[in-house]
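Position chain B relative to chain A; hints supplied.
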Amino acid sequence: MELIIQDIGFIIGTTLMYATPLIFTALGGVITERSGVVNIGLEGMMFFGAFVGAAVAYFSGSPWLGLLCAAFGGTFWGLIHAIACVSFRAEQIVSGIAINFLGAGSALFISRLVFDGATQTLTVVNKIPQPLAFLFGEGKMFSSSGFMGLVFNQFATVYLAFFMVALVWFVLYKTRLGMRVRAVGENPEAANTLGIDVIKIRYGAVMMSGFFAGMGGAAMSIAVVSRFSNTLISGHGFIALAAMIFGKWKPQGALLACLLFGAAKGFEIYLGAKGVPVAGDVLAMLPYVLTLVILVSFVGKTTAPAAIGKIYEKGDHI
Amino acid sequence: MRKTIALCAAGLLTVMVGFAGPAVGEGVSVGMVTDVGGVNDQSFNQSAWEGLQRAEKELGAKIGYKESKQDADYAPNLETLTDAGYDLIWGIGFLMGDAVKSTAQVNPDQKYAIVDFCYGEETLPNIACAVFQEEQPSFLVGYIAGKMTKSNKVGFVGGIKFPVIEKFEYGYMAGVKMANPDVEVLRQYAESFTDAAKGKAITTNMLQQGADIVFHAAGGVGDGVIEAAKERKQWAIGVDKDQNYLAPDNVLTSAMKRVDNALFSMAADLQEGKFEGGKAVVYNLSNEGVGIAPTTGKHVPPEILAEVDSLIAKIKAGEIVVPATEADYNSFMKK
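As given, the protein sequences belong to chains A and B, one line each in that order.
Heads up, the first sequence is in my numbering, so the first residue is 1 and it goes up one at a time.
Heads up, the second sequence is in my numbering, so the first residue is 1001 and it goes up one at a time.
A hint or two may mislead.
Said to hold, decoys possible - Computed list of lysine-lysine pairs in DSBU-like fashion (alpha-carbon distance at most 35 Å, straight line):
{"hint": "1", "chain 1": "B", "residue 1": "Lys-1057", "chain 2": "B", "residue 2": "Lys-1274"}
{"hint": "2", "chain 1": "B", "residue 1": "Lys-1161", "chain 2": "B", "residue 2": "Lys-1233"}
{"hint": "3", "chain 1": "A", "residue 1": "Lys-140", "chain 2": "B", "residue 2": "Lys-1150"}
{"hint": "4", "chain 1": "B", "residue 1": "Lys-1335", "chain 2": "A", "residue 2": "Lys-274"}
{"hint": "5", "chain 1": "A", "residue 1": "Lys-274", "chain 2": "B", "residue 2": "Lys-1150"}
{"hint": "6", "chain 1": "B", "residue 1": "Lys-1147", "chain 2": "A", "residue 2": "Lys-140"}
{"hint": "7", "chain 1": "A", "residue 1": "Lys-274", "chain 2": "B", "residue 2": "Lys-1279"}
{"hint": "8", "chain 1": "B", "residue 1": "Lys-1177", "chain 2": "B", "residue 2": "Lys-1150"}
{"hint": "9", "chain 1": "B", "residue 1": "Lys-1153", "chain 2": "A", "residue 2": "Lys-140"}
{"hint": "10", "chain 1": "B", "residue 1": "Lys-1279", "chain 2": "A", "residue 2": "Lys-140"}
{"hint": "11", "chain 1": "B", "residue 1": "Lys-1177", "chain 2": "A", "residue 2": "Lys-274"}
{"hint": "12", "chain 1": "A", "residue 1": "Lys-274", "chain 2": "B", "residue 2": "Lys-1274"}
{"hint": "13", "chain 1": "A", "residue 1": "Lys-274", "chain 2": "A", "residue 2": "Lys-200"}
{"hint": "14", "chain 1": "B", "residue 1": "Lys-1314", "chain 2": "B", "residue 2": "Lys-1279"}
{"hint": "15", "chain 1": "A", "residue 1": "Lys-274", "chain 2": "B", "residue 2": "Lys-1334"}
{"hint": "16", "chain 1": "A", "residue 1": "Lys-140", "chain 2": "B", "residue 2": "Lys-1298"}
{"hint": "17", "chain 1": "B", "residue 1": "Lys-1274", "chain 2": "B", "residue 2": "Lys-1153"}
The hints are simulated quantities; they were obtained by calculation from the structure and are not laboratory data.
Note that the coordinates shown come from a computational prediction; the quantities given were computed from them, not determined experimentally.
So that you can see chain A by itself, here it is in the shape it has in the complex (with noise of 0.2 Å):
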């Protein structure tokens, strides 16, 4: 019984680690589709987050410090793509695309000029803490390979990660500033009679997209591990944007789609270490497959915002 409950700690805690750098993301996915902007350069922009949280990390010391420069990295793209987009008024798929390449190309140059050619930081002195830690360990309150310890010995940002749900979902349905977002991506055209600045609501959404994205990808580089190298980031920014449109683009929505993926692949490490007789390929599916088959057979259909990927230009309906 007890090694019952010690595997789904396991599996709990697992689903906690994958799910957190993902559930950022998604949050900059629903603010910034939210405000009618397609963003499909969140990989890349949690490629450069990765990068700039491991490496500002290692130079100061301090992982705050860190998580804090990568969000603002990740905000760099985000107007990139706002001014390529907003102002200009460019394909924003395109745009994204775009700057998948330039988030990830520009960190490993930055990289190989500041770590002596290498695509990878070293390794972080400073990670970012445990909270909890103190309540865990030999002669505490619980021990560290128990339930409690596997379910809630967790790195600060898997808690910072629930905040920012519980926020994001206050800002966008309980504020004027929200209501003006989601009235800017359903119909620009009425919301700009109304006096709401289109442009500015959108630049700052996408900002902000890139803001969670940064930190998104420093929440893997300088929490799940210790440094960034160039195979950290590999797809996390797409399953995110999965995520944030199977959420039904609601910050909740998307935090309950973050924390079943990574559950599934919790799941899927618990059966591979039980030695199941599947074949470990079919079984390294599993996350996939079942996150699909649950969101399509009780999800339902989702509807996006009904101006999103449109180009907005300003007196179009005068």
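Frame of chain A; chain B shown alone:
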């Protein structure tokens, strides 16, 4: 206008060829094409380049490299170096297998070599393959793990179940059992070479089950393996190169593949007019093509190191044949 463009193009070509080309002088000239990792990847490509740099210093060889940004660059890069007139051109990594073969087919007078790949019967006479007996260093680190485990449980995390990764797996298991037949080896494949989080979760689970030393042969997944060992204050064992610098207090040793030595020794042979084309050149403990990390002595007590040294002697003498496949392993265990 057209003339200007043509002139510019010609000028650019000259510059490019001039840049990549070996200078005239004594010593052989050896060039290499990296895979997408680039020449400073802290792994394979870097190790290969270090081998050539040593050849430059000690043999007066002329050396050069070309980095590939994507898989589609392999063949053009090999062509570029061929045009530049190198004596021997390396493709670094098995991903370049097809590109090296097709380039060698159209340039039959040019010598090529490839790391970690061979074509068996169909190996062209102008290609030399450098293959490594990874099972040998895996056996040695397995022996160390078997001697040092306190819980009688150790782990192995593989990348994707390829024959080359199985060499690590079964070599390691044989080493563990050689040290102590009672030690249990937990094994799991990540089905990835990049998913560091998965490496971390798998390793956390193994440590949870009571393992106290985990060896990985899993590329980027290994970052997670080492991270989990560090967080739980247990041991990880690195791979390919000395990975102790990633977690100095938690990386016990590493199973090293000396790609640098392979490139250096082939350059030295070429200098003497020897080139073993058309077949695989095997690198193992006897020609220092593989080994264990120089930092091993930091954490492993001298008496165990002495036993490892005697094992190395036995392997070199052929008294121990380290298994590289499951079938070999099973017959090894029957003895």
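Against the structure, the hints:
1. B:Lys-1057 / B:Lys-1274: Distance ~20 Å between B:Lys-1057 and B:Lys-1274 Cα, so the pair holds.
2. B:Lys-1161 / B:Lys-1233: Distance ~28 Å between B:Lys-1161 and B:Lys-1233 Cα, so the pair holds.
3. A:Lys-140 / B:Lys-1150: 23 Å, holds
4. B:Lys-1335 / A:Lys-274: Judged against 35 Å, a Cα distance of about 29 Å means the pair holds.
5. A:Lys-274 / B:Lys-1150: 23 Å, holds
6. B:Lys-1147 / A:Lys-140: Holds, at roughly 31 Å.
7. A:Lys-274 / B:Lys-1279: Violated: A:Lys-274 and B:Lys-1279 sit about 42 Å apart, past 35 Å.
8. B:Lys-1177 / B:Lys-1150: 15 Å, holds
9. B:Lys-1153 / A:Lys-140: Holds: B:Lys-1153 and A:Lys-140 sit about 26 Å apart, inside 35 Å.
10. B:Lys-1279 / A:Lys-140: Outside the cut-off at roughly 61 Å; violated.
11. B:Lys-1177 / A:Lys-274: Within the cut-off at roughly 22 Å; holds.
12. A:Lys-274 / B:Lys-1274: It is violated: about 52 Å lies between the C-alpha atoms, which goes past 35 Å.
13. A:Lys-274 / A:Lys-200: Between A:Lys-274 and A:Lys-200 the Cα gap is close to 53 Å, so the pair fails against 35 Å, i.e. violated.
14. B:Lys-1314 / B:Lys-1279: 26 Å, holds
15. A:Lys-274 / B:Lys-1334: Given that 35 Å is the threshold and the Cα spacing comes to 26 Å, the pair holds.
16. A:Lys-140 / B:Lys-1298: OK: A:Lys-140 and B:Lys-1298 at ~31 Å, within 35 Å.
17. B:Lys-1274 / B:Lys-1153: With Cα atoms ~47 Å apart, B:Lys-1274 and B:Lys-1153 exceed 35 Å; violated.
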